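A.B. asks: Just need the whole structure built from these sequences, with the hints factored in.
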Amino acid sequence: MSHLDTLQAEDYSEEVAELALSQAMACIGCNDCMLACPISQSRNVTIAELNAAVHLPTISDPRVADFVTACTQCGQCVPACPADLSRANMVLYNKMKVEDDVPDYDLLLQTAQGATPSGWSLDELSEQLTELPLFSGASPRDLRRMVLQSTLRFLQPGEVLCWEGSFHERLFVVLEGSLEQSNRGLRGEHIRILVLSPGSFFGEMGVLADAPEPYTVHALERCIVVEVPKVSVLRLTRHAPSFKQTLEHLYQKRALWSYASNPGALGVLPEAAVEDLFANAKLQLVAAGETLFAQGTPPADAFLVRSGFLRAKQRTERGERLLVYFREGDVFGLLDFVENSGVRLYSTEGASRAEVIRIPGSAIREVLAEYPDAQSALLRGSFDSDRLARSPNIGWGGVAAHGDAGPSLHVLVEEGLAKGREVLVVDQNLCTNCQNCIDACGRRHGYSRLQLRGLQIDQYLFPTACRHCDDPACLMCSVSGIVRLPSGEIRIIEDNCIGCGACASRCPYGNISMHAVAEEKPGLWPRLMDFIAGGERERRAKQELEVKNQRIAVKCDLCSGYSDYACVKACPVGAACRVDPAVAFADLLKEGGPGHV
Amino acid sequence: MSKRLRKPRGLESNVWWLVLFLVTALASCSLTQAYKTIAGVVRGYTFLGVLLGLLATALFFSTFFFSLRKRTLQESKVFGRGTMMAWMSSHVWLGLLALLVAWAHAGNGVFSFNASTGKTLFGVMAFVVVSGVVWRLALPRVPPQAAKQVGNYNRAATEDRAAELLTEIEKLSAG
Numbered sequence: 001m002s003h004l005d006t007l008q009a010e011d012y013s014e015e016v017a018e019l020a021l022s023q024a025m026a027c028i029g030c031n032d033c034m035l036a037c038p039i040s041q042s043r044n045v046t047i048a049e050l051n052a053a054v055h056l057p058t059i060s061d062p063r064v065a066d067f068v069t070a071c072t073q074c075g076q077c078v079p080a081c082p083a084d085l086s087r088a089n090m091v092l093y094n095k096m097k098v099e100d101d102v103p104d105y106d107l108l109l110q111t112a113q114g115a116t117p118s119g120w121s122l123d124e125l126s127e128q129l130t131e132l133p134l135f136s137g138a139s140p141r142d143l144r145r146m147v148l149q150s151t152l153r154f155l156q157p158g159e160v161l162c163w164e165g166s167f168h169e170r171l172f173v174v175l176e177g178s179l180e181q182s183n184r185g186l187r188g189e190h191i192r193i194l195v196l197s198p199g200s201f202f203g204e205m206g207v208l209a210d211a212p213e214p215y216t217v218h219a220l221e222r223c224i225v226v227e228v229p230k231v232s233v234l235r236l237t238r239h240a241p242s243f244k245q246t247l248e249h250l251y252q253k254r255a256l257w258s259y260a261s262n263p264g265a266l267g268v269l270p271e272a273a274v275e276d277l278f279a280n281a282k283l284q285l286v287a288a289g290e291t292l293f294a295q296g297t298p299p300a301d302a303f304l305v306r307s308g309f310l311r312a313k314q315r316t317e318r319g320e321r322l323l324v325y326f327r328e329g330d331v332f333g334l335l336d337f338v339e340n341s342g343v344r345l346y347s348t349e350g351a352s353r354a355e356v357i358r359i360p361g362s363a364i365r366e367v368l369a370e371y372p373d374a375q376s377a378l379l380r381g382s383f384d385s386d387r388l389a390r391s392p393n394i395g396w397g398g399v400a401a402h403g404d405a406g407p408s409l410h411v412l413v414e415e416g417l418a419k420g421r422e423v424l425v426v427d428q429n430l431c432t433n434c435q436n437c438i439d440a441c442g443r444r445h446g447y448s449r450l451q452l453r454g455l456q457i458d459q460y461l462f463p464t465a466c467r468h469c470d471d472p473a474c475l476m477c478s479v480s481g482i483v484r485l486p487s488g489e490i491r492i493i494e495d496n497c498i499g500c501g502a503c504a505s506r507c508p509y510g511n512i513s514m515h516a517v518a519e520e521k522p523g524l525w526p527r528l529m530d531f532i533a534g535g536e537r538e539r540r541a542k543q544e545l546e547v548k549n550q551r552i553a554v555k556c557d558l559c560s561g562y563s564d565y566a567c568v569k570a571c572p573v574g575a576a577c578r579v580d581p582a583v584a585f586a587d588l589l590k591e592g593g594p595g596h597v
Numbered sequence: 001m002s003k004r005l006r007k008p009r010g011l012e013s014n015v016w017w018l019v020l021f022l023v024t025a026l027a028s029c030s031l032t033q034a035y036k037t038i039a040g041v042v043r044g045y046t047f048l049g050v051l052l053g054l055l056a057t058a059l060f061f062s063t064f065f066f067s068l069r070k071r072t073l074q075e076s077k078v079f080g081r082g083t084m085m086a087w088m089s090s091h092v093w094l095g096l097l098a099l100l101v102a103w104a105h106a107g108n109g110v111f112s113f114n115a116s117t118g119k120t121l122f123g124v125m126a127f128v129v130v131s132g133v134v135w136r137l138a139l140p141r142v143p144p145q146a147a148k149q150v151g152n153y154n155r156a157a158t159e160d161r162a163a164e165l166l167t168e169i170e171k172l173s174a175g
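Each protein sequence line maps, in turn, to chains A and B.
Okay, so the first sequence: first residue is 1 according to the working numbering, each after it adds one.
Okay, so the second sequence: first residue is 1 according to the working numbering, each after it adds one.
One thing to keep in mind: the hints can contain errors.
[As the list claims (entries may be wrong)] Here are the simulated EDC-like pairs of lysine to aspartate or glutamate, each with C-alpha atoms no more than 20 Å apart in a straight line: (1) Lys-171(B) - Glu-159(B); (2) Lys-77(B) - Asp-439(A); (3) Lys-3(B) - Glu-422(A); (4) Lys-244(A) - Glu-227(A); (5) Lys-171(B) - Asp-84(A).
In case anyone wonders, no lab produced these hints; they're calculated from the structure.
Here the structure is a predicted model, which is why all the values come from computation and not from measurement.
C.D. replies: Okay, here's the thing in structure tokens:
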């Protein structure tokens, strides 16, 4: 009986297994995929050996195990395949088998000083986690795979695990002891939010929404937490629906709670009315281009933007016009209820990935009926964006192409600049094109990460330098070759990067490039000695034998580890600077839409 | 929306350098005038003349640090400090100051019809400094004019790059 026949749904995904098998059957064994593969482990293994491993119950060949562990499924092999096959499922299937073959071992506990034995073995901890309500429904095997990628962390009383506003993108599960979630009030006072006891978890905001941590978390006593990386959490959500539900439910609850306690424009309503509105509200993710509601439909709900941008458009006899952009904190759709509009006057769609809080129309009607002053309060409220969208004299001239639109909010949003946090801008009215910024970057980092080409809006050039996006697409690296630091910087970890180029192809702005790894040049004396001893000839001979040149992903990391930016500091005329578009172009963002620019 | 996103700060601003220039100019003039009153003559070979000559030389050579800072000393912990904007200002203003102090060093001797090595050197130095000042004055005026004429500086480069990529894609598709 084949190993595939013995597969069970909880062990491996049957679908993955079937796809892997069918791909192995269709493979013609030419090995072109392995020649196209950028990782060095591909030199030691053939596609035939990988195909054979699909049929084996366990993978004992270390070369195969090494390869499937290192593979990031970058897809470089796909265009090389004459049979037009993607081997992602084969690799995934073999990868899972390799993970499951890892023998039980004692886990280490990370402390501030180093690592000590934890007292848990891999299997013991996986079993223990199945007892937590969070992981109910997840199989021990899935949890074992998750624990393999996780870190056990020990904290002394008072030790801070994460700071408010820092990026972690990890799920933290408390095993022992207790921690406190807190933040700072307007006057800097300490506000305790929650005490996290064993079994509690946090970090879902970072994992599910790439958001910074909303609270500072510190240990109240000696405690142990499991730190699960985002990739493992997302993988588990696919395998364990109940785990996904729990995470998403809490995420929505916390997001709604934070808005209910600080409702922005809705603050004109009595506290009880706000509570009523948020009691039935739901968090909704809107993809770029997805329509939230269409023009002409009866108003069903009102919306509060939690993150991202949405565009309001209106179709008229004169053509389509872009009315306004809704951004974080804006409330829209509410005036339809207050003014008793029969139909929506405009349609709304996601301009980028956005999160909105959907407040049901029934709740709004109830609040309007129950609180007599609510209607007049809401009419006085600052729903500027919603009012702007309903104005008849805005946005004429159609949705302009960015080349003609000038430096408007439209361009900032549509080109993704509004999502950036530290965007490099070169003022062309000052730039003398001396290339000093490029040279300085090259001198500091070995090779320049900056190219003076890219989007130009009016006199401002936005060169191809990393924008450190709020929702970075490049971060899905299975070997942690590219990570986000707690400060928000996106950084390539050179020791982890295997040069597959997956991050470079994922970056929507083309801001990651691949460079051949430059060998460090030894000094004159070692080179002379090497030449005399014949080492240089040996090195050249080895280089000729090398089939593939090792590559590495290169991108701007905001000069991480330095106190300044090489490019900005090197500009002799002050043309180059790093800006947060939300601050530097705040006047545009406040104005709201193309009609006001 | 045409605003300067990066405003000059500290030594990047010309204000501080102008103050330094004026103070030094005033001090040099007062010193030479006082020396002339006491010694009766201000020339390069007098004690004050030699002193000011040394100062002018030091100031003149200090402007070379701009070029060194731009490349070799970029990552130096000592000289790598400050922005290139500040170093650029120092390059301009210290050069001007060097010319002024050199003038004070030569005193009235610089205005005579007989040729001398000192005068030639002063002339060359003046030419270098003045040409630098002319360039510095041109620097903020040329890019905006050129930007209006040329439009997007980098459009041509981007188009070239797109053409290169297209060729690469065609090569790859052709196998």
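A.B. asks: Next, verify each hint and record whether it holds.
C.D. replies: Here's how the hints hold up against the structure:
Between the alpha carbons of Lys-171(B) and Glu-159(B) the distance comes to roughly 18 Å, so the proposed pair stays at or under 20 Å and holds. Among the hinted pairs, Lys-77(B) with Asp-439(A) is consistent with the structure: their alpha-carbon atoms are about 18 Å apart, no more than 20 Å. Taken as a hint, the Lys-3(B) and Glu-422(A) pair is honoured in the structure, with Cα atoms around 18 Å apart against an allowance of 20 Å. Our distance criterion of 20 Å between C-alpha atoms is met by Lys-244(A) and Glu-227(A), whose separation comes to about 17 Å.
Distance restraint check for Lys-171(B) and Asp-84(A): the Cα-Cα separation of roughly 18 Å lies within the 20 Å cut-off, and the hinted pair is therefore satisfied.
Checked against the numbered hints given earlier, this structure breaks none of them.
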